[in-house]
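Undergrad: Below are the chains, spelled out letter by letter.
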Amino acid sequence: MSLRSPLAGSGVIEGPGGLRLNDLSLARREGVRGAGAREWLMAQGHTLPDAPNQIVASGVLGWVMSLSHHEFWLLQPDSEASLSLPASKAVAVGVWPLYCQHSHAWLQLAGEPRDEIMAKLCGVDLSEAAFPLGSVAQTQAARVSVIIAAHQNQNGQPVFSILVDQSLVRYLWETIEDAMGEWLE
Amino acid sequence: MKILTCPLNGPRNIAEFTYGGQVKPMPNPTEATDQEWAHYVFYGDNHIGVVREWWMHTPSSYWFIVERHNQTDEVIRTYDPAELFDAGAAPATEPVAADT
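So the sequence lines, in the order shown, correspond to chains A and B. For what it's worth, the numbering used here labels the leading residue of the first sequence as 1, then goes sequentially. For what it's worth, the numbering used here labels the leading residue of the second sequence as 1, then goes sequentially.
Note that these hints are calculated values from the structure, not bench results. Careful: at least some of the hints might be erroneous.
[To be verified] One-sided excerpt, in silico: chain A residues whose CB lies under 7 Å from chain B: (1) Pro-52; (2) Thr-139; (3) Ser-145.
Note that beta-carbon positions come from the ideal geometry of N, C-alpha and C, so glycine has one too.
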């Protein structure tokens, strides 16, 4: 069995100064939710954010993003998406798996003007002064629900990870591409 | 643009929110009469004043409570439901007093 991104064929959009939009939908991401989620993840050796709507590096492989006091997503941009079926039962007492790999596509936007590009689509101020590295916003961009996380990629470059419903990602990709237009000329 | 402050996500465009109805005490579903249950499901208060309502921040699926004056539309306070609910029980609350 192989996995196929809903954006298959779209490739990468690159512009001057490191501007880059790419599809990470075939990278690994998983999540857990529940009253015991924090303790369970810490017992697995993960580093967790202290509060909701934050993202921190955890180990060398990835990032842990907190979406509430009891919900955490693990993002591993350098690992391949899991081919196994998602767990259908609680993984521990009070800890339930989330199927983020199946529900959400994953885009990554890098480059200096990334906050100006997103300002065309999103009402939340994503400039570095208001939305520093480590911040997460659950909001809308171009009228669809998104999760935006500010962190660094494997090269230490600041990026936005943008997670959106799989069924809406082609629309969002084209919308971001359109917003990037003035920097691509 | 109207802005509502979500207790989890901060101030956001009102378009990011969904109204969820009045906060009202739920009768015990296993003991309530049909009439009591129908009253709970279909009827609500209709006074002018500060009302307590459920709202959801749609992108995060987070439900919270808003105290809002339904004549002036002024939002008095927004807060996590844990302030009203005790370990999943129905809220022991009456409508916020009307200021006529």
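Undergrad: Hint check: is the beta carbon of Pro-52/A less than 7 Å from a beta carbon of chain B?
TA: Hint holds; Pro-52/A Cβ to chain B Cβ min 6 Å, cut 7 Å.
Undergrad: Does the closest beta carbon of chain B sit nearer than 7 Å to the beta carbon of Ser-145/A?
TA: holds, 4 Å
Undergrad: Answer holds if the nearest beta-carbon of chain B is closer than 7 Å to that of Thr-139/A; otherwise answer violated.
TA: holds, 5 Å
Going through the hint list in order, the structure satisfies each hint without exception.
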